[in-house]
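2 protein chains.
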Amino acid sequence: MRPVLSGQFAKVAILGPGLLGGSIALALKQRPGPALRLWTRRAETLPRLRDRGFSAGEITSSLAEAGRGADLIILCSPVGAMPGLIAGLVSEHALAPGAIVTDVGSVKARVVSELTPMVAAAGAVFIGSHPMAGSEQGGIAHARPDLFERATCLLTPLLETPSAALERLEAFWRELGLQVRRLAPGTHDEALARVSHLPHAVAAALTLAALGPRPEDGALCGNGLRDTTRIAKGGTAMWSEILLENRDALLGPLRNLNGILGDLLVFLENRDQEGLAGFLREARELREQLDRPL
Amino acid sequence: MRPVLSGQFAKVAILGPGLLGGSIALALKQRPGPALRLWTRRAETLPRLRDRGFSAGEITSSLAEAGRGADLIILCSPVGAMPGLIAGLVSEHALAPGAIVTDVGSVKARVVSELTPMVAAAGAVFIGSHPMAGSEQGGIAHARPDLFERATCLLTPLLETPSAALERLEAFWRELGLQVRRLAPGTHDEALARVSHLPHAVAAALTLAALGPRPEDGALCGNGLRDTTRIAKGGTAMWSEILLENRDALLGPLRNLNGILGDLLVFLENRDQEGLAGFLREARELREQLDRPL
Chain V
1 MRPVLSGQFA
11 KVAILGPGLL
21 GGSIALALKQ
31 RPGPALRLWT
41 RRAETLPRLR
51 DRGFSAGEIT
61 SSLAEAGRGA
71 DLIILCSPVG
81 AMPGLIAGLV
91 SEHALAPGAI
101 VTDVGSVKAR
111 VVSELTPMVA
121 AAGAVFIGSH
131 PMAGSEQGGI
141 AHARPDLFER
151 ATCLLTPLLE
161 TPSAALERLE
171 AFWRELGLQV
181 RRLAPGTHDE
191 ALARVSHLPH
201 AVAAALTLAA
211 LGPRPEDGAL
221 CGNGLRDTTR
231 IAKGGTAMWS
241 EILLENRDAL
251 LGPLRNLNGI
261 LGDLLVFLEN
271 RDQEGLAGFL
281 REARELREQL
291 DRPL
Chain A
1001 MRPVLSGQFA
1011 KVAILGPGLL
1021 GGSIALALKQ
1031 RPGPALRLWT
1041 RRAETLPRLR
1051 DRGFSAGEIT
1061 SSLAEAGRGA
1071 DLIILCSPVG
1081 AMPGLIAGLV
1091 SEHALAPGAI
1101 VTDVGSVKAR
1111 VVSELTPMVA
1121 AAGAVFIGSH
1131 PMAGSEQGGI
1141 AHARPDLFER
1151 ATCLLTPLLE
1161 TPSAALERLE
1171 AFWRELGLQV
1181 RRLAPGTHDE
1191 ALARVSHLPH
1201 AVAAALTLAA
1211 LGPRPEDGAL
1221 CGNGLRDTTR
1231 IAKGGTAMWS
1241 EILLENRDAL
1251 LGPLRNLNGI
1261 LGDLLVFLEN
1271 RDQEGLAGFL
1281 REARELREQL
1291 DRPL
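Heads up: the sequence lines are chains V and A, in that order.
Residue numbers for the first sequence, in the working numbering: 1 to 294.
Residue numbers for the second sequence, in the working numbering: 1001 to 1294.
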């Protein structure tokens, strides 16, 4: 008899396996654990899943087959498609009472408030997850079983979330190598707007300002420009969705940044060496805190 | 008899050896080559130079001793101190006719226009150099002989610069492992404002916007914020000097960036998915060009 995964799930359904869902599935296959069902709507993804070692029995394009009997369902689609997937599972009678439904999206408040009552109506529990791993290269082709090692998974339960389900889901993520941390959905979105979504927006804007006028001057750049703009290579469909999804939390930090750049312009216009040095010193001290172990 | 360095200098004086000047000196010591003289005004630097393996005879705090007989003088001080160093050498009769004087500064137009006639009046030749290497960690303690390997050195001659001196200086930089490239001083400053100084300014501003409101949210960031802000750890005295020195060329790109961020705000305010995706796509294409071999 194979020992079960510590989260004690019998069947895990992964809906929309790309970089994140595919990496979860690859990690689960390396462990003695639950039955896996990978669902994709797109016919062209089926052979790619076979290429990554998933058997015909583990892959399906039937939402009913994926969801039926699953006690953990992980939504890995774009955030906008998630309510439709839940509605599809419900109409197929493929969302079992007592099942846990989670997701891997980067923005949480709206998805938690929309999905929680839909899933609860079927007698199941929705808990938002945000496993913080990824790369500029998305898609199942880049999935890897160790993507989550030493990464952090932010969970965004509500006050009414049953604690047994929450602890079970946390045990599942820990089993995959992630550290878990709980945050309220709105707090998550405000913090991520500043420390994740803002840097993506700025990397794109900086690329346009630095290289737009004369792309050939890129030959003169050092590692500074390369590092500050690397994440501008991220998938544009995914990132435009994330930035718009978290628009309400992102507008404030973006306006704040514009104000900070305005201060910098004034220091330069006034040749204010002391003001400029103080500005750079404050930034340097904040940045150095990031490198210190917590 | 030791073979001489290809640049055929008999004595190289390095004024103000920190990260760059110290690395040049360490690289020269590894090669059969010219006599070295490292000059520092600061008494506390003398023992640090001894620690890095320079002999008492190679170190001096006398500008006259450093310059006398040197056929290559490399100014490694802050840009603002360079005219004073040349004036000091001239008043000590320690700037030999026929000598080549160069520097390692990141901004060129003003220093070239100020130093060229001062040096020419002594019968010597000034040619601006910008060896593009460095790190967040400055100072002689971080100097290393291989700092320049595969880096680029931008030289900023004028139309009237004697070509024999220019070729001799280029051979010197090549000997240290640098690729050389010529640019007019003003062209240099405009390009570097965009591809080097702007990223530094933006990394500092982004750090303040991302982490200023709640520094503890740094615990939630991934490599995106780390990479986009890493250069904000650079020395604040050096960078405030560079940004102010190149202020005229930097103001335009900074205002341009503020405009680009304004466009981004409008896309978000209007929930303009198409506009936002186009913005990110244009940035991504420009950024991907940077990774392609030229």
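Think of the hints as simulated: they come from the structure by calculation, not from any bench.
Source: prediction; values computed, not measured.
Just so you know, not all the hints are guaranteed correct.
What the hints assert, rightly or not - Where chain A lies over chain V, by a calculated footprint (3+ residues, C-beta under 8 Å):
hint	region
1	69–78
2	83–91
3	110–121
4	167–176
5	191–197
6	216–230
7	236–245
To be verified - The following residues of chain V were derived to be distant from chain A, with all beta-carbon distances above 10 Å:
hint	residue
8	Arg144
9	Thr152
10	Glu160
11	Arg182
Unchecked claim - Ranges between beta-carbon positions, derived for each pair:
hint	chain 1	residue 1	chain 2	residue 2	range
12	V	Gln179	A	Gln1179	20 to 26 Å
13	V	Glu216	A	Arg1271	54 to 60 Å
14	A	Ala1237	V	Arg31	52 to 58 Å
Glycine included, each C-beta is placed from N, C-alpha and C at the ideal position.
Enumerated hints in conflict with the structure, sorted upward: Result: hints 1, 2, 3, 4, 9, 12, 13 break, sorted rising.
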